[in-house]
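Engineer: Order-wise, the sequence lines are chains W and G. Heads up: the first sequence begins at 1 in the working numbering, then just goes up one per residue. Heads up: the second sequence begins at 1 in the working numbering, then just goes up one per residue.
Some hints here could point you the wrong way.
Taking beta-carbon pairs under 10 Å as the criterion, some of the chain W residues facing chain G (in silico) [said to hold, decoys possible]: (1) 4; (2) 8; (3) 62; (4) 98; (5) 99; (6) 104.
Chain G stretches covered by chain W per the calculated footprint, using a threshold of three residues with CB under 8 Å from any CB of chain W [to be verified]: (7) 39 to 49; (8) 98 to 110.
Quick caveat, the hints were computed from the structure, so don't treat them as lab data. In this text, a Cβ means the ideal position worked out from N, Cα and C, and glycines have one as well.
Given next are the chains, with one letter for each unit.
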Amino acid sequence: DQQVKQNSPSLSVQEGRISILNCDYTNSMFDYFLWYKKYPAEGPTFLISISSIKDKNEDGRFTVFLNKSAKHLSLHIVPSQPGDSAVYFCSSLTGTASKLTFGTGTRLQVTL
Amino acid sequence: ETGVTQSPTHLIKTRGQQVTLRCSSQSGHNTVSWYQQALGQGPQFIFQYYREEENGRGNFPPRFSGLQFPNYSSELNVNALELDDSALYLCASSSQGRPEAFFGQGTRLTVV
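Excised from the complex, chain G in its bound form (with noise of 0.2 Å):
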C-alpha cells in the first residue's frame, strides 16, 4: 500500500507568480483535502475533493484553486502569489465514511 506523496518537496516563486502542486492519494482512497500550514500554527483547511469535485472549501481566496483527476490524484493551483502564501501546504487523502485522514510530507513554499 502506497502512502500520500506530494511534489515538489521545496518550491520557491517569486510574488505574482502562479504554482502547482501536486498530490497522489493513498491506495483505495477517493478523498484529498489540501492544508496549508504556517510557520507556528495549525495546518488550516484549503478544500477537498471527491469524485473529482470541489466538497468544501475553508475560508481562502478563489486564486486558491484545485482538480482532482479519474485515479484520485489532486493538483492545488495557487495564482498571484503574496509572500503571505509563504508556507508548508499538506495534502491529506481519506476514504468516504473513516475520520482519520493521512498526510503526505508536504510542500514548502517560499514566495520572495
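If we strip away everything but chain W, and leave its shape as in the complex, we get (with noise of 0.2 Å):
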C-alpha cells in the first residue's frame, strides 16, 4: 500500500520568498501525485499534479518536482503571496479505482 509522508507539519515564509513544501513516498507504483490546498471550513482545492513519467510540472508560481530514485517530492511556490497561507496536502493517485492518498498535511504561513 501507498504511504504518503510530509515531514513537516508547518513552514512559516516571508512573503516574496520562495515556499518548498516536501513530501515523501513508500510506493513507486503510482500514476500521479497532486498536490492540493486547504482553507480552514473550505474542502481541498486542487493545485498541481505530476504524472510518473515526469519529473517536473510548472503552473504559474507553482512548479512540482519528482525524484523518484529518492521517492521525494517537492512544491515550490515563488514568489509566496500572504493568501497562499492554508494547509497543502500531497497526494498520489493509484490505479483504476483513482484512489487519493494523503499525507497529513503542512501548515504554510506567509508573513508580511
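Join the two chains, each given in its own frame, into one complex according to the hints.
Structural biologist: Quick look at the structure:
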C-alpha cells in the first residue's frame, strides 16, 4: 500500500520568498502525484499534478519536482503571497479506482 | 459550471444512529469518491462510485455504504454511528481518464 509522508507539520515563509513543501512516498507504483491546498471550513482545492513519467511540472507560481530514485517530491511556490497561507496536502493517485492517498499536510504561513 | 456541493454542512448525531450525507458532483463529472478527514490527518479514501457502481473501497467497515444516482449525485450512509466517526466527510468528483478530483466543502459530522 502506498504511504505518503509530509514530515514538516508547519512552515513559515516571508512574503515574496520561495516556499518549499516536501513529501516522501514508499511505493513506486503510482500514476500521479497531486497537491491540494485547504483553507479552514473549505474542501481541498486542486493545485497541480505530476505524472509518474515526468520529473517537473510548472503552472504559474507553482512548480512540482519529482525525484523517483529518492521517492521524494516537492512543491515550490514563488513568490509566496499571504493568500497562500493554508494547509497543503500531497497525495498519490493509484489504480483504476483513482484512489487518492494523502499525507497529513503541512501548514504554510506566509508573513508580511 | 457548478462545483461540487455537499449537504448538510454540519450535523450532530447520537451514537448508534444512522446518517445520510449528500453530494452533487461537478457538471460533466461521472465519478464520485468519498473521503473521511479526522482532525490533524489527511483525507482517507472511503469508496468511489462510477456509473452507479462501487469502483473501489478503502479500509472502512460495511456500515459505511453509498449510492450513485443516474445524474451522478451520490449519498454516503453510515449505520450504527460510533464516536470515532466524528470527522469531516468530503465528496470529490472527477472524470475518468483525468487525474484531478474536485472536492466539495465537506460535511462536519459530530457523534455524541
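Engineer: Now look at each hint and say whether the structure bears it out.
Structural biologist: Structure-based check of each hint:
{"no.": "1", "hint": "4", "in the structure": "8 Å, holds"}
{"no.": "2", "hint": "8", "in the structure": "14 Å, violated"}
{"no.": "3", "hint": "62", "in the structure": "13 Å, violated"}
{"no.": "4", "hint": "98", "in the structure": "6 Å, holds"}
{"no.": "5", "hint": "99", "in the structure": "5 Å, holds"}
{"no.": "6", "hint": "104", "in the structure": "5 Å, holds"}
{"no.": "7", "hint": "39 to 49", "in the structure": "holds (count 7)"}
{"no.": "8", "hint": "98 to 110", "in the structure": "holds (count 8)"}
Hint violations for this structure: numbers 2 and 3, all remaining hints satisfied.
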